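Asker: Given the coordinates of chain A, work out where chain F should sit on it, guided by the hints.
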Amino acid sequence: MMTRTLALWTMLAMAGLSTAARAQAPVTQPDEHDKPHMLDQSIYFHGIFNQLEGRFGQTSSFRWSGESWLGTDENKVWLRTEGRVEGGQVDDGIQELFYARSISTYFNALVGARYDLDSQPGRGWGAIGIEGLAPQFFRVGVTGYISGEGHLGAKLEGSYDFLFTQRLILQPQFEMNFYTKDDPMRGVGAGLSELDVGLRLRYEITRQFAPYIGVSYLGKFGNTANYVLESGGNPNEVRFVTGIRTWF
Amino acid sequence: MATRRQFVQGLAASAAFGGVPFGAAHAAGTPQVLTGTEFKLDLASLPVNITGQPRMATAINGSIPGPILRWREGDTVTLAVTNRLPFTSSIHWHGIRLPTDMDGVPGFSFKGIATGETFTYRFRVPQSGTYWYHAHGPEEQTGVYGSIVIDPKGGFAQRFDRDYVVVLSDWSDETPTRIISNLKFQSDYYNYGRRTVGTFVNDAKQDGLGPTVSDRLMWGNMRMAPTDILDVTGATYTYLMNGAPPAANWTALFKPGERVRLRFIDAGTMSIFDIRIPGLPMTVIQTDGNDIVPVTVDEFRIGPGETYDVIVEPRDTRAYTIFVQSQDRSGFARGTLAPRAGMAAEIPPMDPRPLRTMADMGMQHGAGGHGAGAAPAAGSDPHAGHGGAAPAPAAASPHAGHGAAAPSTPDPHAGHAMGGSTPQPMTGSIPVVGMTPEQAAARLSGNVAVDNIAMAPMNRLGEAGDGLEGNGRRVLRYTDLRRPIPANDPRPPTKEIIVHLTGNMERFMWSIDGVKFSQAAPIVLQRNERVRFTIINDTMMDHPMHLHGVWSELENGQGEHRPYKHTILVKPGERLSYLVTADEPGRWAFHCHLLYHMELGMMREVRIL
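Protein chains in written order, with the numbering used here: chain A, 141 to 388; chain F, 1149 to 1757.
These are computed hints drawn from the structure, not numbers from a lab. Since the model is a prediction, treat every value here as computed from it, not as a measurement.
Chain F residues, not near chain A, derived (Cβ > 12 Å throughout):
no., residue
1, 1309
2, 1678
3, 1708
From the structure, some residues in chain A lie toward chain F, with a derived Cβ separation under 8 Å:
no., residue
4, 186
5, 213
6, 276
Computed beta-carbon distance windows for the label pairs:
no., chain 1, residue 1, chain 2, residue 2, range
7, F, 1707, A, 174, 34 to 44 Å
8, A, 343, F, 1323, 20 to 30 Å
9, F, 1395, A, 341, 34 to 44 Å
Idealized CB from N, CA, C, for every residue including glycine.
If we strip away everything but chain A, and leave its shape as in the complex, we get (with noise of 0.2 Å):
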């Protein structure tokens, strides 16, 4: 799965590099119809981990989330991953990848698929969601969840940057997670299952390179948090992070 994913991101950032070549062509006149080639069709290639990061408390974990497209500026294949390692376990491990078409001046439609791949049973899911850039400048994302066994689910996110100074940056940022049914198996409960709330200061070494320490909450709630009690664990987490943020 990985593998083929990796050839394909591979394959299309060379349809990308192909497509921002500019085209060689003896000297003659031009067609009636040639253009001059600009770069306003390019293809841009960019991914991110906004977390990736060590997470200290009673119990110590390791977080990522990250995402990453290819595109151009109306039309682009988005993918995400997140997931938290904890005791050699993988859980929380939601991997996405969208077709994601931009609707307006600051959201994106994204339409897909979604795979619970971590240490838990694997769960398959349609994905509908948008994302963007709300008025005083929160970054959101909603996306609705429908599996084949008819569960519906939906994630919430949220996020915004607090500029102490040019490269010294707060960032409080919030991910919920809700389903309509139990998922024993996967541990999950019907309602609110999950939230993960998180206060990181990042100082941007370069843009692209940003450490940061913080707190995070990780709380599970209804069933979730009943089956997190039944294996001995703590539904309310408060822990020390600290991790970097980079982008390419």
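Answerer: Here is chain F on its own, set in the frame of chain A:
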């Protein structure tokens, strides 16, 4: 790794000039001067080291800038351009009136010059003055530009003893595609002047907490930053004067009492510059190659593509700094006028960073603001430099502004202090092609490519521009430009074409009428048709609009003596117009001369049948 100082100031002994002998010490950066009617130009890669980091540039005849081409009005020149770059390139003769197939725009004029090929340009030079030439693609950024000086057949309008070309440009160690890609991911990537907690506290102290909060909310609601002045800044640019970074101190010699002509050319990729010589007034005698009635100023702004010729008369035996700040004050180019080599004068501190206002959003008239005299207030706001003053918070919500807050009959000239010389567009009496602000709002609001429509665009020709108002210096304004002779074509226009300059800063998209170049149809003009181009700048940035092939006669209130230009810097939220006689058939480029705005879509074909 280059130190910050090296990066900003460049290396004192810059290798920007490649293998070309430096010549006299007083003119370390002066490229060779080529004269006559036959020229050979070679485009090739050139290793340079401007900041301490070795890089590969693209150069003409091994120097950056390329050679100064000295032509004579009326001559027929032949220029054999050989492309030794590993990609198709070309040379465009910026501002020169010539047949369309000699204009050097790949895709319009010809296919471009492929690697290893030579293309021979040959055309008659019908004009005189200061011009320049450059590639019409990303390689322009990395060094493919040079100057053209055309001596008038009938002798110079002004007497002068010395004559210097001053080419201003911007160098980055990053490639053009890297910079564009960075901006696509984070459009304020190069803006290190953003508002912070610190500026909030300062503004709150000065203007009060309430106004500061409502100002922040107003901009936040628009999802725009008033600190957005230039997209690419001194964070990556080292600004060059005749190829020399500030530390190399390009120097022009004079004897006290001499009249020195300085021919300024903005060959910058993405840089608008403000030019002054502290202690020395400048008499502006020409713009875009055309004489104007001399006007003496302390400072003037120049946009990429424009040229200004000034005469200075230094009387003292001392050095003077030619100080060229970028519009966002993130860096400067610098040179020296001196009686002998090796001298230097004080480098002044940079001015405060400008801040955009509601006038720049084209919303000054929003609510109750369009009574007489209200309009210029924001532009000349003395607080604009340091950041807080929220002009007319009542005008706030931009989205409400698309409909509700807009005046029902926006008069672009209402309240503007330009007296009786204000040109009166004859909208209504001749056919109009294009969108009014209301139509643009109806069709383009919320469009992916458009983040703002100027509902009440203003005549801003009498303003010096953001960052120059109220600085205590005499600053050149577009209304000052007066051609000594009346217009060549006295016919009134028979058609008006309204062009909206549009963009989406967050996505770093640039377009005209909300449509990018590659998806747009040409603007078609009949041969010898007389047309008024009305430009409405819906964006929050200045755009130097360059029309190839024909003159743009700026309707600046000087009537028949309106100036002839090839590149016109349109202020944010501005509505201006210029007349065009479509007397040269062919396919011409019409675009913003901020290179990346052009590359990303702020361009059209103007086809003259």
